[in-house]
Structures are given as structure tokens and as C-alpha cells.
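Participant: Line by line, the protein sequences give chains X and P.
Per our numbering, residue 58 is the first one in the first sequence, and the count goes up by one each step.
Per our numbering, residue 42 is the first one in the second sequence, and the count goes up by one each step.
These are calculated hints, taken from the structure and not from any lab test.
All residues carry an ideal CB built from backbone N, CA and C; glycine is no exception.
Watch out, some of these pointers could steer you wrong.
[To be verified] Partial chain X-side listing against chain P, Cβ under 8 Å, derived:
1) 66
2) 84
3) 88
4) 92
5) 111
6) 115
7) 122
8) 124
9) 129
10) 130
11) 131
12) 187
13) 222
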Amino acid sequence: MEFTLKTFIFYGFAFLTIASALVVVTVRNIVHAAFSLMVTLFGVAGLYVFLQADFLAATQVIVYVGGILVLILFGVMMTSGRLEMRIHIERGQLLLGGLVAVALLMLLLTVIANTPAWKNLTDDGTKLPPTTERIGELILNGPFLLPFEVVSVLLLVALIGAAMISRKEIRD
Amino acid sequence: MSDFRAMFVGFPDFNVSENFFPNINLQDKLNWAEEFIQNVLIPRLPEAVAAHFPEELGTVLVMFACAGIFVGVVPLLPLVLVLAERKVAARFQNRTGPMRVGPWGTLQTLADGVKLIFKEDFIPPQGDKFLFLLAPYIIFACSFAVFAAIPFGQNILVSDFNIGIFYIMAISSVIVMGVIMAGWSSNSKWSLLGSLRSAAQIVSYEIPLGLSILTIVMLVESLSMHEIVASQSNGIFSWLIFRTPFTFIAFFIFFISSIAEVNRTPFDLPEAESEIVAGFHTEYSGMRFALFFIAEYANMFAVSAIAVTLFLGGWEGVLPGYDILGGFPGFVIKTLALVFLMMWLRWTLPRLRVDQLMNLCWKYFIPIAFFNILGTGIWGLIFPEDTLISTSISCAIIYIGLIGAYKIAGRSLGQRPAPQPS
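Work the whole structure out from these sequences, hints included.
Facilitator: Quick look at the structure:
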């Protein structure tokens, strides 16, 4: 185990992600939880950078922080009068949530343990090739063409649905 | 579970350092974790800090130096730009502007800055103190992080990211969070309204902005800012704005959307003083207000610099072999010209209404931007290489289009009733 600057930055990001995720689920104020989620999403983006998936990291920030989180905050600010919420949790919900968490943990551990050959990325100072080209090839010219198109159609349907719901009724 | 792995076969990069997850089974992994804590973390942490930092101290120092340059130099920009804005505004309104402090009032901003430092740092007692104090820093930091990817000259670039322009978009989309944070934590209805308006505006205008950047990326086939500039090295007609007629349209969409992104008139609804006092920064005073102010002018400079990099040749000059409007001075001149254009628009045009703002974005800019992408794709198929013929055709189409637009605009303006003298 060698300690380098990168190791420290990696653990910094990991700590940031986990600590802020804990704040998200424990804090009572919903807006604080949403802003804490921002830190979590940033931490995950940082971890993507460590996987040398730079495009994915920027996408994470642009989609989740710049898009979805803003929508969540919009929702919170425009709907709830009370920000301090004491949510009552049923025992059944607790059990179900716990089961899902344990199942997810098991899945992740199995994946980590069964993955053959984690490769070590050599860092010899050279600039890495861009990942965008490969991603584009895979999505538009490779095995993920069909899922990509299906997702596009799904988003289009959602868009039309949103326009339908929010359109003005014209009565005559 | 090895199937799961097969999904990522295409990604040679999709791996973690062996230091974190050695290739051993779960039991070994747990042992490894235990060992790691007992043998490495507890006794060796201070030693590691001492032993391993000096090797990489150089990198750290360079990072800090680069950050220091920007944090030191970029705040000087507002110092100049604020004065320029006031002088420009004054000239537009047939006044002289600030004249008292220093020769021709040139030290006015410095005096204002000193005043802001000494003002009371007021924190609304009913607000959310922590978020209120945090918000200006988020906006400030994001505005400054953008500068890391802007190439000011051939070798004046902090980091040539693979994803340069995409990084800039990502970082600048985080500014919205700071704005919402500031608006909400102030516990004032003006602030909240301003921040919600700002968020809606920025999120909407990010779409035409991104789509017009996409036309550039399609032509250059790279997201790196350095390569985008390098592809415009053959004089003024190789600048991407003249490369195809579609990029010419994209430039205007990009520039207008940028003005909306930085909340300036005619898109300054988030700060509309006649409606909501001062928008999301109503409750801020002293240095915290100054941080918003600096960030606003830094943003203004940044979006102009990005427009210059993407469309107007960056640090490449007008003629291929000569350094006219090229290099670092040329870059700054071009950027300041766009900044002046923004000031000009601000003091000429009235503010839009919210519905006009949204109509402009969703009903005009986004369809035109999609049309641009389609057109650029077809153009790329017809002219795979940038040749003299393609450039001539492009410039001819732009010229005819401009004349046509001028005629149509002139006719529609002529139909208006003449203003009655009162």
C-alpha cells in the first residue's frame, strides 16, 4: 500500500461522498438534505475522475447537480410550507429498506470479489485518450444502440406527456 | 457476475488502481482492510505525509500557483469592467460618469471596493445562517473554476482537458445551486423569487447554449479547447463562425444565451430592481455582496472568452502568418470587444417579460439550434475537409442571408406606426 497524493485525494472524495450522503438521510431540514446531496453528487463525480472517466464525471455534474437537483429544490421550495419534517417510519418500511440495502451491499461485494483482474492504471504522465470517442462508438455504432434509442423514445414520451399536462386548456 | 464485467469490455479505462482493490477474494479483502487499518493507517499516516508529499509537492505547488494567479488577477477584471460599464452607461445617457476619484474617475471602483470591505456584514436573523454564508463562495468558486480551461494564448492554459468545453458547461451549471442557496437562505420573498427566476432562466438557456456548442464540436471533432483553437489557425475565414452558415447562426444563439446565463439586461429578470429589489442577493451586504459582484463580472468576461475561443479564433490571428489580433493581446481585445457588446446591449434594450424570455428560448432558440445541428451534419457530409470552396460558399450564404435579414427587418420595422411627438 503506497501513499501518494492521489491516495489522499481519493480518500478525501470518498469521505466527502459518504459523509454528505449520511447527512442527506439524517438531517431533518429537507433543503439542507438537498444541498448536502449536491456534495454527494460532486464526490461521486470526483470518484469518476479517479476512474479516468472524465466525460462521465462532467455529465454527472451537469445532469444531476445542474438539472435534477435544481428540479428537486424547485419542488421542495414551491410545495412544502413546513421544512422541518418528522417523518413517521413504519416497521414494515424499515424492514423493506433494510432488506434492499443488504441486498445492494451483497450485490456490490459479489461484483467486487468476482471481478477478474482489476487493472492498475499506469500514470506515466502522458495525456490519456479521450473517452468520448469510445462512448460514442458504443452508443451509436455498437452494442448499446438499441438501449440508447429506447431511452430516447422514453424521454420523448415523457417530454410530450409533460407538455400535455402543463398545456393551457382552450375552452370555447 | 463476470457477465457484468463484460459490459465494460469496451472501456480499458474502467478500472480502479490496484492499490484500492487488489485482485483477491472477499476474505482476503477483509483481511486486507484490517491490515490496512492496523499496519498502515495508524502508525504510518504521519510518516506517509512526511515521506510522500515532497515528491509530489511540485505538482501541488503548480496547482496552487495557477489557482493563485486566477484568484489574484481575475478580481482585477471587475475593477476595470465596473468602471468601463459605468463610463459606457454614462456615454449612452449623455453623462460623464464618475469623475471625482482619480483622473477621470479611474479610481472610483477602488474606492467602492474599500467602502464595501468596511461595510457591515449583515446576516438576516430569520434566515439560514450556514447556507447564507456558504452561497457566495459557491458562486465565486464556480465562476473562477471556469477560467482553468480557457486558453488565453498558445501556452497560456492551466489545463488542456480532454473534455474542455464540457467541463466549462458542467462547472457553470453549478452556479445555479449557489443562486438558489443564496435566495432561499435569505428568508426574503424577493430573494426567493429572484433565485427561482434565475434558476429557471439558466436551466432553460443552457439547452440552446449546449446545442450551439455541439455544432462546433461536430466540426472540430474534439471537446478540447486547445484543439478547437488550433483548428482555426488559417486566418479569419477559418474561424469557426465563418466555417459554415450554421455556425454563424450558432454564434448568435450562443452569445444571446450567454447573456441570459450571466443574468444581464435584457435578461436580468432575476435582479429586476423595479420588481424584486435586487433578486437573489437582496439581503447581502459588504464583502459578500462584493463577491457576487466580482463573480458577475468574471462570468461576463468568461462567457465572452469562451465565445471568442469557440467562434472567433481564440488566440489565432486574422491572417495566417501574422499576429494581427492574435496571441494573448489579440485574445483579450476580442474578448473585451464582446464584453463591450454586452454593455451596449444592456444600456440599449429594455428588460424582457418572463413569458417573452421563455418563448424566445423554447420556441425560437432551441428549434433553430436543432436545425443548426442538422445543417452542420449535412455540411460535414458534403464538405468533409475545410477547403477554399467550402469557405467561399459559406461566406456567400452568410452574406446573402445577412442582406435578406436586413431587408426583412427593415420592412417589418417600416410597418410600425411612427412615434407621435408628445
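Participant: Confirm or reject each hint.
Facilitator: Status of each hint after checking the structure:
{"no.": "1", "hint": "66", "verdict": "violated, 10 Å"}
{"no.": "2", "hint": "84", "verdict": "violated, 11 Å"}
{"no.": "3", "hint": "88", "verdict": "holds, 6 Å"}
{"no.": "4", "hint": "92", "verdict": "holds, 6 Å"}
{"no.": "5", "hint": "111", "verdict": "holds, 5 Å"}
{"no.": "6", "hint": "115", "verdict": "holds, 4 Å"}
{"no.": "7", "hint": "122", "verdict": "holds, 5 Å"}
{"no.": "8", "hint": "124", "verdict": "holds, 7 Å"}
{"no.": "9", "hint": "129", "verdict": "violated, 10 Å"}
{"no.": "10", "hint": "130", "verdict": "holds, 5 Å"}
{"no.": "11", "hint": "131", "verdict": "holds, 7 Å"}
{"no.": "12", "hint": "187", "verdict": "holds, 4 Å"}
{"no.": "13", "hint": "222", "verdict": "violated, 16 Å"}
Consistency note: the structure conflicts with the earlier hints numbered 1, 2, 9, 13.
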